[in-house]
Amino acid sequence: MPVPELIEVEALGHRFRDGSWGLEDVSLKVGEGEVLVLAGRNGSGKTLLVRHFIGLARPSRGRVLYRGRPVTADLDAARRGIGLVFQDSEAQIVGQTVLEDACFGPANLGLGMDRALELAREALDFVGLGGMERRRPDSLSGGERRRLAIAGIAAMRSECIVLDEPFANLDLEAIRQVLAVIVRLAGAGHSLLVLTHELEKCLAHATRLAVMEAGRIAYDGAPSGLDPSRFEGLGLMNPYRHGEKLEELTWLG
Amino acid sequence: MARLELFRFEWDDSALHRLHPLSKLAVLLILSWAALAPAPRFLAFLFALALVLLALVRAKPADLARNARFLLPLYLFVALMRVVAPGSPTWFHADGLLPASVYMARLALVFLFAETFFRSTSTGELADAATRCARTLPGLSASDPGFYLSLTMGFIPRCIEAYERSREAAYARALGLGRSRGRRAPIGSDRGSARGSPDGPATMPPNAPRPAPPSSGARAAPRGAGLRSLFVLESFVAAALRSALRSAAALEARSYNPRRTVAPRPIRRSDILVPLAFAVAAALSLRFL
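Those protein sequence lines, which keep their order, are chains A and B.
Position one of the first sequence corresponds to residue 267 (the numbering used here), numbered consecutively onward.
Position one of the second sequence corresponds to residue 409 (the numbering used here), numbered consecutively onward.
Extracted from the complex, chain A is given alone in its bound form (with noise of 0.2 Å):
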């Protein structure tokens, strides 16, 4: 029997209230260990798609499928196995402290206290912020609060970890700090879908690449493979608008 599909996404269609379609007839699967860069203007849908990975939006037509079981039909199971960082990562903070902060997710797994704040400690770690487990979320600077955010799934050992907009509003060092992270949760075995449309930071990374534009699914497969001159009409800038290879498309150090 072949092995499920992480993410599953056949056919999504989302209807807003107003009767417009935010997606439509979106097909998608994501793999385990793959890191899908997932690109596309402003408001062509990409954060829309992955709030019904979890179950924050319900779909008008079509399913998503998280280890081959509809994500309606077992929620728990999906928000265990997909971790969603929030682009706007003051409103994902709820702790007190960093420590208090990481250790949440993993309390809400229902782990015991011991293990719960051992796997917070061990993901702080993992982003970096090691040695500020009693620091204030609120003193942190806004790369630290996007790896705080980060740290919070990363303790729940999520098998694949949403990304939406890593590196929005943050400066070059917090941008390398971040993709330094993604990374390493790319090696550490997650599959990652980061949401972007800043590729020239991140594409040399990426396994695959997805295009949305108007709530549809323009263009899925090798990061190299899509036409530099196609990339203007969909909202995106040129990555290789210098010259640049592939490998040369990211900002880490």
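Among the clues, some could well be false.
Unchecked claim - Per the computed footprint, the stretches of chain A lying under chain B, defined by three or more beta-carbons under 8 Å from a beta-carbon of chain B, are:
1. 338-347
2. 355-364
3. 375-388
4. 461-467
Treat the hints as calculated values from the structure; they're not laboratory data.
Even glycine gets a Cβ: it sits at the ideal position worked out from N, Cα and C.
With chain A fixed as given, assemble chain B onto it according to the hints.
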């Protein structure tokens, strides 16, 4: 103006930080009750005690002074109400100043004790303690009231932040122009011109028509300013609701579960003795002082 940071938790390893959160809550309630004492010398003693407790949690006097500044206008208002009596033969009653000062001293004491409590107790700790208590009750073994309480407490600073953002955004778009006498220069004046002074707009299209400066100096508030203030309120309410929805989605994303594991916190002998000692001392003091 420096931002208010009322009741902000600061991690430390002081004796107060190590005390059980419910013991601290009991002490806070006892001290707040004791602050109702009528004797000014007892209030003075409580002030000294509050300062000792604040020193224990390493509160900085500058932070305290900044956070307590809201007490001053309140005091002036209360004093005014007690001292001025329109219609009476003498209009001014200086003897009303002492009761007004006692009221404010009580309020200041409660504020200082609350600062001590919140500086040494994170809402997470308090939430866990409340949930642990609730789960011992029949039928509530899977409940998490403490977390709901901590969410509510966490939502208040977020609301304040949302309000500040809405207000600043409105000021950046010229709300209150001319009302803040000297603090904000009108568009078109030297101080707030298109050069990008901190008080004025950073950039302006070169050909854009500029509003004329107010005809009678800074007093000329634009018409409908009150109505536009309502827009700030509306924008604040919308921002607060959005923030609440985002928080709810984030909790779901982090698999929030009312059966979540709550850190065990055994109650030590000192956790019982400390509030007991405070209760006895307060009762005796109120009886004999």
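Hints versus structure:
Counting residues of the segment 338-347 of chain A whose C-beta lies closer than 8 Å to any C-beta of chain B gives 3; at least three are required, and the coverage claim holds. Interface restraint, the segment 355-364 of chain A with chain B: holds (6 residues with C-beta to C-beta distance below 8 Å; minimum three). Three residues within the 8 Å Cβ limit are the bar, and the segment 375-388 of chain A against chain B gives 6, so the coverage statement holds. Under the rule that three or more residues need a Cβ within less than 8 Å of chain B, the assignment of the segment 461-467 of chain A is violated, with 0 such residues.
Consistency note: the structure conflicts with earlier hint 4 alone.
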